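Protein chains in written order, with my numbering: chain A, 35 to 424; chain B, -5 to 319; chain C, 30 to 613.
Please keep in mind that the hints were generated in silico from the structure rather than gathered at the bench. Model, not experiment: these values are computed from the prediction. Among the hints, erroneous ones may be present.
[What the hints assert, rightly or not] Covered stretches of chain A (in silico footprint by chain B; criterion: 3 or more residues with CB under 8 Å from a CB of chain B, positions within the stretch not fixed): (1) 57 to 70; (2) 231 to 243; (3) 252 to 260.
[Claimed, not checked] Pairs of lysine to aspartate or glutamate residues, derived as EDC-like cross-links and limited to a Cα-Cα distance of at most 16 Å, are as follows: (4) 546/C with 571/C; (5) 145/A with 293/A; (6) 145/A with 176/C; (7) 351/A with 379/A; (8) 216/A with 119/A; (9) 145/A with 119/A; (10) 297/C with 120/A; (11) 267/A with 165/B; (12) 267/A with 285/A.
Built from N, CA and C at the ideal position, the CB exists for glycine as well.
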Amino acid sequence: MKRWWAVLLVLALSAWAQGTLKVGVVVSATGPAASLGIPERNTFPLIQEMVDRQGGVAGRKVEFVILDDASDTTQAVRNTRRLVEEGAVAIVGTATTPASLGMIPVVAEAKVPMISLAAGKEIIHPVDAQRFWVFKTPQTEELMARAIVADMAARGVKTVGYIGFNDAYGEGWARFFEAELKAKGLQLVASERYNRTDTSVTGQALRIITRRPDAVLIGASGTPAVLPQRTLKERGYRGLIYQTHGVANPDFLRVGGRDVEGTLLPAGPILVAEQLPSTFPSKRVALDYIQRYEAKYGIGSYSTFGAHAWDAWLILKPALERALKRADPARDLAAFRAALRDELEATRGVVATQGVFTFTKEDHLGLRFEDAAVMVRVENGRWKLERVFR
Amino acid sequence: MDATILGLLLLDGVQNGVVYGLLALAMVLVFAVTRVILVPIGELMMFAPLSFVWLQGGKLPGTLWLALALGALWALLERGRGRGLPLAGGAGLLLLFLLARGNPALAYLAALLLVVYLGVATYRVFFQPMREATVLALLIMAVGLHVAYQGLGLVFFGPEQYRPDPLLQGEATVGLTWQGVLVLAFALLSAAALYLFFRRSLFGKALLAAAENRLGARLCGIRPEEAGMVAFAIAGLMAALSGLLLAPLINAAYFMGFMLGLKAFVAAILGGLVSYPVAFLGAVLVGLFESFTSFYASAYKEALVFLLLVPALFYQSLRAKGVEE
Amino acid sequence: MRRYLWFSLLLLPFLLSPFPFYLTLLNFFAIAALVALSLYVLTGLGGMTSFAQAAFMGVSAYATALLTARASLSPWAGLALGLGLTVAFALVLGLLTVRLKGHFLPLSTIAWQVALYILAGNLVGLTGGHTGLTDLPPLSLFGLPLDTPFRYAFLGLFLLALGVLALKNLRESRLGRALLALRGDALTAASFGVDPAALRLKAFLLAGGIAGLAGFLYAHFLRFVNPTPFSLEASIKYLVMAVAGGVGTIPGVLLGAALFTGLEDWLKDLLPLLLGRQGNYETIAYGLVLAGILLFAPQGLWPLLAGRRPSGRKALPQGEPLPPRPPSGRRGEVVLEARGLRKAFGGLIAVNGVSLALRRGEILALIGPNGAGKSTTFNLLTGALPPDGGEVFLFGKEITGLPPHRIHPLGLGRTFQHPHVFPEMTVLENAALATYARTRAGFVRVLLGLHRKEEERALATAYEALRRVGLEGLALERADRLTAGQQRLLELARLLASGAEVLLLDEPGAGLRAGEKRELARLLLGLAREGYSVLIVDHDMDLIMGLADRVVVMNYGEKIAEGTPEEVQKNPLVRAAYLGEEAA
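Full structure from sequences and hints, please.
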């Protein structure tokens, strides 16, 4: 009963709370991308608390409307339309590349700025009439692949094998990793696929081993990334094993145990925030986020994905403040959205957990490689900073 | 390809195949007795190791409350003395769970019994009331339960995988862990046990009779409802045991069961959904096929495995001469 | 014209225009409803199920995406290619699987679904892989771009209304009746000239085409395609919608589509408020809602709301019956002849060398103790079973081994030991099923509604036949309201409507009261006088002896006697057979 009253109260309040800024959020809290989407969803209560404590943005309350897309394009698009039509000033989300791509026509048509939380470079490149409205915070696969290949080259690796998810994640990695290898003169000798639900990858592992690569990259996210690594080791592979930043969550270490000792992976600097040199720009911001997240969800619970959502807010907040000076969302929503987009594009030097964001007309990712990627090694069941590129 | 690789692939295929085989046997059994195509068997299978992991960590898993809730519904549906079983079972389960926190041996048993109880309660609450329905309606019900149980799995256990410790450590030979040996042994043992149960024991024969002919079964003194519950209990037991044994090898997570179930299902169809030995052989075939396609064309593996059905179905279709009534 | 009321769906965008999000939902509703309609054809009418409707959507969505985004062709070319490809796919899959019965078809569609999904994800060069294809152009009609949900909804709803009309036409046609009959009992349908495999295949193609149309709408509404909307999960969702609403009726599947399209967003709002933010409860609610509907309203929600009314037409036919086909030809001429029929089941010889001849205008009875092989003989004559040896001739033409649907049009009709009537149809429609072989309208004509004249005549023929057996007063009742005796009469009416002149009746007297039996005998004698030839199997000696001109007696699969009723009754072999039976 109490809940129902609360519902009614909320509805009544929202009816006359004209001054509220509504930010629409689409996350993949269920389905295959849930391990990325859940930390993102968990981050918004943190943001809400912080904003409320600061008394909103420029005196206005901010409301985050969070909808789950179940890792599905159709639902992501539906959610986006709904949020747009409910008057969201901006859209944040979602975690998967295809779903984010599906959302682009919607926001472009409605002329609402969007900050994607997915990796794919296609989301913001090239900045055409539609992508004019789209920004994103996570590092692209291209950027992370560059880190891996630079590390491989530094270790004298010549031949490389790849095994990745048979979905958009694995495919994106395969594409950019291969291009990056070619650019650096390394040779890809095997490219295999597997499914998150597979119970055995012996065939793929054997295939890779017969080609004798110096290093293997596993293009997978979350705990299902453990299986290929374990199988490769069990079948006697002794070369280097790289993972992607998709595994940068505590569960990977928990399930992987000894099997993932020595794994190399590229990651946003936040993963090893406390080990970063104090000159690293995002160190302080990252530690701040980790502390807040762990205070709410427990020690060791944070993952880098939630930080993408946090970064989106760090970018959005100053842009909102500036846009509020130019237009009033209560009077002319369209003008405000356009102003907000312009101000997002005008973002310069915003220090966030994953790097420093500076958007331009041509670049809606805005991260510099040196600030946004580090190499990490798994050592004694912990993330250990291996290499910075600054 | 050299002999070592061939050997390893064969071994891998057989190891996967017997697991599909176990599930396929359970599916054929359930289908024969109740005409239900047990799609949620994959979820039941995953509930066991995940509940076990939770208990080992000293927590009570959400599956317990699910089982107790369904048990309560079951008790409501029964009258008089029939209520004893669900109520006593539920109480026992609760007690066992409270005792089993942090005690691996008890936790193993508790996870096992939980799934059996859940299986029987599922039958009693969802399938038995619609036992006169068509195979199609039952299939859709099964799909609905799969969706619901999978969603519950995510709520109870989160999106990530868990890996309980294996019962046996180490490798027996190259490419085969002792835990894998355990799985193989269990599969063969349970196949044999099923065979003996249906061929030698009176109750097993009666159960088969119930599958053939409802009226006949009633005359033999076995109620169809009872037969259905027993079939679900056996299927639950097989799913739970194979889940518990497999989890250290494959990592358990809420989403892992469906594909296993679906492939077991392919195997069961290769056996025409009637023959136990052919279903088991079909399962091994699926396992081998999967192993080799993952070596040669890993991106298309799933497509190829499912297209394995085509020749089998085409054969069935050629055999389906005349007009069915 | 009540049927055109469906176009009032087009008013919805105006009504919903103050609520922009509902316009979006409306578009998704139209798409989902089209897919649900395709399941109405497959499952509701045809009794088949597909877990691959989303894959069919995907084929067409990708086809139009490739043509428009890659080759910059018109979306309408995309539509043509999309529909063509979907139907071609459905044809290949259908040829392989529609002959499979029961659960095998749905199972095989799972395989297609998974395989097509994986192909879409892995043929990266063609389909853009898992990432998908972007930048599809919006559709435009008469120069007006359909680039807002408001405008797009008109197209979607217009196509939906067209689809509903076409399928209503289908339901009220010879093809709709034949599909319903196939679902209930393929043998009955086949014995009225319905080729089960061919008709199922066509229904499968039609369903594939409708799903393809939905896929086209989907692609240009989202203007982006990737594999996930065409996954097994999506297919399952569409099936759930259709079944929950009531897959046997058109309003039912539409209700299901509307309910689930709305439910999804509604649950998204409601469940977190009730259960807290942690966890996602939509899928659980989905599954449980479905389970609840299956338990408490197994026919779906719509039949529960609308009551169990028959879905057929509500008016008696006014038209001219089909041209009558009175039996012609010389009386006493042999019309149906069996020579040395043999059939064995495993080691058991059910029929061994039976020969018999039915002459025009006579009533021939086939009798014998239980298990004598009468019913098997019957099935061999009508093509329900292929014989192992021997020959069958109808009007001098060899029909040995032909399937029932090819034998029936030659002029042979049969009834069944247990009356086979279809409860979803009215009595009139049950009778009209028999005119299938006498009418011609194919799928195209039916869907376009060009079959009405013929349909009216078919119904008039059926009504004539009902009048002949005295059931005209019950013509618009549901067939399952009839008593057992009335069902027998309905079967007889069906034979008359079919225009067959050789009538094979399997135990027509079973379950009849004495008065009804007399009525039946009178009717049969009248028919024989008109020149119909009747072969009758029955246990009721009184009925047979009073009715038959000649009697053939079988025992242990062999013919043991033949002659007039009096001769046969005196035959010691016959007496032994029956007395032996009675003694045992």
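Hints versus structure:
no. : hint             : verdict
1   : 57 to 70         : holds (count 4)
2   : 231 to 243       : holds (count 10)
3   : 252 to 260       : holds (count 4)
4   : 546/C with 571/C : holds, 10 Å
5   : 145/A with 293/A : violated, 48 Å
6   : 145/A with 176/C : holds, 13 Å
7   : 351/A with 379/A : holds, 13 Å
8   : 216/A with 119/A : violated, 45 Å
9   : 145/A with 119/A : holds, 11 Å
10  : 297/C with 120/A : holds, 15 Å
11  : 267/A with 165/B : holds, 13 Å
12  : 267/A with 285/A : violated, 20 Å
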